Amino acid sequence: MPAAHPIVHDVLIAGAGPVGLFLACELRLAGISVLVLEQAADPSSPLKALPFGMRGLSAPTLEAFDRRGLLDDVKAASQANDAAAATKASAHWMQQRQQRRPAGHFAGIQFFHEEVDVSRWPYRLPSPAGVSLAVDMQALETVLAARATALGAQIRR
1 MPAAHPIVHD
11 VLIAGAGPVG
21 LFLACELRLA
31 GISVLVLEQA
41 ADPSSPLKAL
51 PFGMRGLSAP
61 TLEAFDRRGL
71 LDDVKAASQA
81 NDAAAATKAS
91 AHWMQQRQQR
101 RPAGHFAGIQ
111 FFHEEVDVSR
121 WPYRLPSPAG
131 VSLAVDMQAL
141 ETVLAARATA
151 LGAQIRR
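Mapping the sequence shown onto the working numbering, position 25 (from 1) lands on 25, and the numbers just tick up by one.
Keep in mind that a hint or two might mislead.
For each label pair, taking beta carbons as the anchor points, the in silico distance ranges come out as [what the hints assert, rightly or not]:
{"#": "1", "residue 1": "L151", "residue 2": "S127", "range": "33 to 43 Å"}
{"#": "2", "residue 1": "V8", "residue 2": "F52", "range": "33 to 43 Å"}
{"#": "3", "residue 1": "I7", "residue 2": "G130", "range": "32 to 42 Å"}
{"#": "4", "residue 1": "L35", "residue 2": "R68", "range": "18 to 28 Å"}
{"#": "5", "residue 1": "D42", "residue 2": "E114", "range": "15 to 25 Å"}
{"#": "6", "residue 1": "R156", "residue 2": "E114", "range": "40 to 50 Å"}
{"#": "7", "residue 1": "I7", "residue 2": "S119", "range": "50 to 60 Å"}
{"#": "8", "residue 1": "Q79", "residue 2": "S58", "range": "30 to 40 Å"}
{"#": "9", "residue 1": "L12", "residue 2": "S119", "range": "40 to 50 Å"}
{"#": "10", "residue 1": "A40", "residue 2": "V8", "range": "17 to 27 Å"}
{"#": "11", "residue 1": "A59", "residue 2": "H9", "range": "28 to 38 Å"}
{"#": "12", "residue 1": "Q154", "residue 2": "Q110", "range": "16 to 26 Å"}
{"#": "13", "residue 1": "A80", "residue 2": "S58", "range": "16 to 26 Å"}
{"#": "14", "residue 1": "A14", "residue 2": "S58", "range": "21 to 31 Å"}
In short, the hints are calculated from the structure, not lab data. Quantities reported herein were computed from a predicted structural model and do not represent experimental measurements. Positions of the beta carbon are idealized from the N, C-alpha and C atoms, including for glycine.
Go ahead and model the full structure; you've got the sequences and the hints to work with.
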């Protein structure tokens with residue numbers, strides 16, 4: 001019986017989160033073989049679902065997704081969760097007794113949409129991507145994992 005040949009990959013990525021999965025996509029586009037290793041056996045988690053898993057994506061992230069043809073899929077995933085998000089997030093913010101919903105945080109300090117002045121970004125080129133989008137981690141990782149797999153990256157849990 002012939003000896004089994006070891007499977008060799010050009011790059012090993014530790015973690016199948018958004019960054020690891022997007023990196024896998026980028027490397028596959030460059031023709032590099034990729035293996036993504038993820039400790040969690042199940043890609044779903046209560047911490048990745050609404051309301052805890054809600055993440056705000058920044059303008060540079062949206063532009064990167066737009067350049068790679070992922071933005072429509074990410075927006076669709078976001079819109080698919082909008083009804084559930086509105087219900088769960090509203091209930092969450094009502095419990096917090098806050099009059100308005102935060103847009104995100106920096107080092108734990110909340111900021112709100114009306115406090116973000118996008119006109120102060122003169123260096124930003126016009127883009128159809130927009131400046132912000134909220135999506136839950138589970139939906140985002142699902143989109144990125146599907147693209148990485150379609151491009152030929154291997155994901156092992």
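Each hint tested on the structure:
1. For the pair L151 and S127, the beta carbons lie near 23 Å from each other, so the given range of 33 to 43 Å is not met.
2. The beta-carbon spacing between V8 and F52, approximately 38 Å, falls within the hinted interval of 33 to 43 Å.
3. Evaluation of the 32 to 42 Å hint for I7 and G130 yields a pass: the beta carbon distance comes to about 41 Å.
4. For the pair L35 and R68, the beta carbons lie near 20 Å from each other, so the given range of 18 to 28 Å is met.
5. About 38 Å separates the C-beta atoms of D42 and E114, a value inconsistent with the hinted range of 15 to 25 Å.
6. At about 44 Å, the beta-carbon gap between R156 and E114 stays in the expected band of 40 to 50 Å.
7. Between I7 and S119 the beta carbon distance is about 52 Å. The supplied range of 50 to 60 Å therefore holds.
8. Between Q79 and S58 the C-beta distance comes to about 19 Å, which lies outside the given range of 30 to 40 Å.
9. At about 43 Å, the CB distance of L12 to S119 agrees with the hint of 40 to 50 Å.
10. Range check, A40 to V8: Cβ separation about 25 Å, and the 17 to 27 Å hint holds.
11. In this structure, A59 and H9 meet the distance hint of 28 to 38 Å, their C-beta atoms being roughly 33 Å apart.
12. Judged by the Cβ atoms, the range 16 to 26 Å given for Q154 and Q110 is violated: they are separated by roughly 39 Å.
13. Evaluation of the 16 to 26 Å hint for A80 and S58 yields a pass: the beta carbon distance comes to about 21 Å.
14. The hinted window of 21 to 31 Å between A14 and S58 holds, with their beta carbons roughly 24 Å apart.
In this structure, the earlier hints numbered 1, 5, 8, 12 are contradicted, and the remaining ones agree with it.
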